[in-house]
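**Q** My request is simple: use the sequences and hints to build the entire structure.
In the order they appear, the protein sequences are chains B and G. Using our numbering, you'd call the opening residue of the first sequence number 1 and step up by one each time. Using our numbering, you'd call the opening residue of the second sequence number 297 and step up by one each time.
Everything labelled a hint here was simulated from the structure, so no lab data went into it. Here a beta-carbon is modelled for each residue, glycine too, at the ideal position from N, C-alpha and C. Heads up, a few of these hints could be off.
Distance condition first, Cα-Cα at most 25 Å in a straight line; then the derived BS3-like pairs of lysine-lysine [stated by the list, open to error]:
1. K146/B - K376/G
2. K204/B - K350/G
3. K408/G - K376/G
Computed list of chain G residues with no C-beta within reach of chain B, every gap over 10 Å [stated by the list, open to error]:
4. M297
5. E344
6. I387
7. R544
8. R558
9. D569
10. K582
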Amino acid sequence: MREIVILSGKGGTGKTSLMGAFSHLASNFVACDLDVDAPDLHMLLHPVNEATQDFFSGHEAIIDPGRCTGCGLCADSCRFQAVDAAGAVFSVNPLMCEGCKVCVTFCPEGAIAFPERRCGNWHIAATRFGPLVHAQLFPGSENSGKLVALLRQKSREIAGSRDLELILCDGPPGIGCPVISSLSGATLAVLITEPTPSGVHDLKRVAALCRHFKMPAAVIINKSDLNLGVSNEIRSWCLHEGWTLAGEIPYDPAVTQAMVHGQALTEYLPSSAPVRIAVQNAWKRIESMGHDPKAV
Amino acid sequence: MILSVASGKGGTGKTTVSAALAWAWKAPLDLMDLDVEAPNLHLFLDPEIEACEKAHLEIPTVDASRCTHCQMCSKLCQFKAISDMGRTLLIFPEMCHGCGGCLAVCPEKALKPGLRELGEVCWGQAGEQGFFMGRLRVGEAMSPPLMREVKARWKRSGQTQKRDLIIDAPPGTSCPAVNAVMDSDVICLVTEPTPFGLYDLKLAVEAFRPLGIPMGVVVNRYGVGDAAVFDFCSQAGLPVLAKIPFSRSLAQAYANGRVLTRAEPALVPLFRDLADQLQRMGRQAKEVPGDA
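**A** Set out below in structure tokens:
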């Protein structure tokens with residue numbers, strides 16, 4: 001089973017637009033949106049949810065004001081500055097509570113409840129390209145690598161039961177918890193960059209993360225003609241660092257129009273469009289890499 | 297006053313707007329890059345970095361000779377960072393959130409504080425303006441503790457009452473983004489007029505609204521996509537503070553690492569006006585706290 005994850009470090013480089021196109025071009029696969037914070041893939045794939053479940057992660061401390069004597073031990077023991085005085089008693093700011101249970105443990109009055117926290121929901125859905133596993137974390141919730149791991153697990157189950165050989169994942173931006181979680185068990189990372197100072201800077205960070213976890217990776221330069229000099233730099237950097245350059249995609253405002261129309265750019269653009277051809281070629285390259293990890 | 301520049305969706309132009317606002321700001325100002333996973337503001341401001349300091353999280357280490365395997369620590373730990381194997385107490389440092397519960401609960405004093413490197417905090421000067429940033433260590437999962445360290449460094453500068461602060465926040469709508477903006481006086485949400493931009497803007501508004509901080513919207517790449525974002529803003533009562541027109545030449549200026557106000561003088565009045573509006577919103581909110 002191959003598991004390809006699309007990452008970028010910097011946000012807005014085109015992960016989801018390319019994921020939409022790859023979903024159109026791939027066959028026999030399950031799609032998975034791992035950007036549970038700000039999931040956008042559904043606006044291209046228009047999923048019909050077949051199953052929806054709540055996602056619980058961790059707990060939160062809630063002080064019962066009727067039993068709180070105002071001793072303040074909870075505030076002293078909290079390392080997240082989540083407990084504040086509220087008049088004569090104390091209360092927990094849910095946005096800052098880490099769910100560590102320390103205040104619950106040390107409260108001499110047993111005045112702090114510790115219920116499970118509902119952080120979002122996740123869905124198994126059907127789309128015109130195949131099954132999609134996706135989720136929505138409630139705004140402001142803890143961005144849990146756990147939800148990412150859960151979506152991966154469900155994707156594997158679906159791939160197994162429906163005899164699909166590829167899991168294609170749209171990843172989150174950054175290099176932190178959800179990204180690390182999205183790399184676990186993957187066979188290939190596809191790094192989308194753009195020829196801008198930020199694009200290059202953040203590409204190097206996410207590539208260093210891949211190296212840290214010994215994850216093979218391929219690079220795609222999106223909007224490559226916006227700065228030919230920087231695109232050249234990225235090309236030589238890939239060569240030097242031993243990353244495969246899977247494609248270079250020119251800038252075309254029609255890509256935004258495809259998004260406005262809710263379509264993959266390979267569906268929306270005419271077959272002669274240079275962007276569409278470049279994306280198709282990039283996908284061919286990635287697909288062949290995914291088949292033979294030794295080619296990486 | 298503290299202004300946070302935030303967005304749900306990544307790549308809408310937070311850093312571009314932060315850098316241009318820094319250029320247009322009239323009062324004494326410090327700048328802070330809290331997108332510690334992918335920090336970019338320094339690429340546009342080119343600050344002179346005075347110092348970088350490693351930041352750490354306090355994690356437990358075990359003194360095996362004192363551990364009686366009472367399991368109070370492993371039962372308390374909510375993050376699977378401590379596991380008692382009967383004869384060995386295993387600690388998984390990468391899982392630890394640094395709550396200190398295990399250190400406090402151990403009756404044998406068998407756990408001692410150790411450190412996990414989170415990354416580094418750097419500070420310096422960008423012209424007249426102070427500059428602060430965090431850079432998460434590659435492989436480190438948790439960004440909020442490092443973000444707290446960057447804020448603490450700024451507070452230690454002793455200038456926080458005399459100077460305004462612009463925070464370049466991380467993308468997203470969850471814990472790190474909320475942590476970045478929560479003590480601001482005003483939030484500037486940068487979006488683009490596309491379905492992705494709008495969807496993530498809605499999520500950001502939903503995430504930040506409970507904070508009770510006044511918010512305004514900057515629509516970047518105005519002219520691409522559609523007009524739905526303006527309908528949403530008027531329904532949600534969010535002022536659209538500025539529309540930055542899209543042009544290929546602006547995209548190229550950004551690709552060359554240039555601050556927009558320098559690359560395109562026609563945008564100077566736009567950013568001066570944006571800076572004035574945000575300063576006014578922030579000062580009003582500061583004068584009437586809780587009335588936002």
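**Q** Which numbered hints does this structure break?
**A** Hint check: 7 fails alone, others pass.
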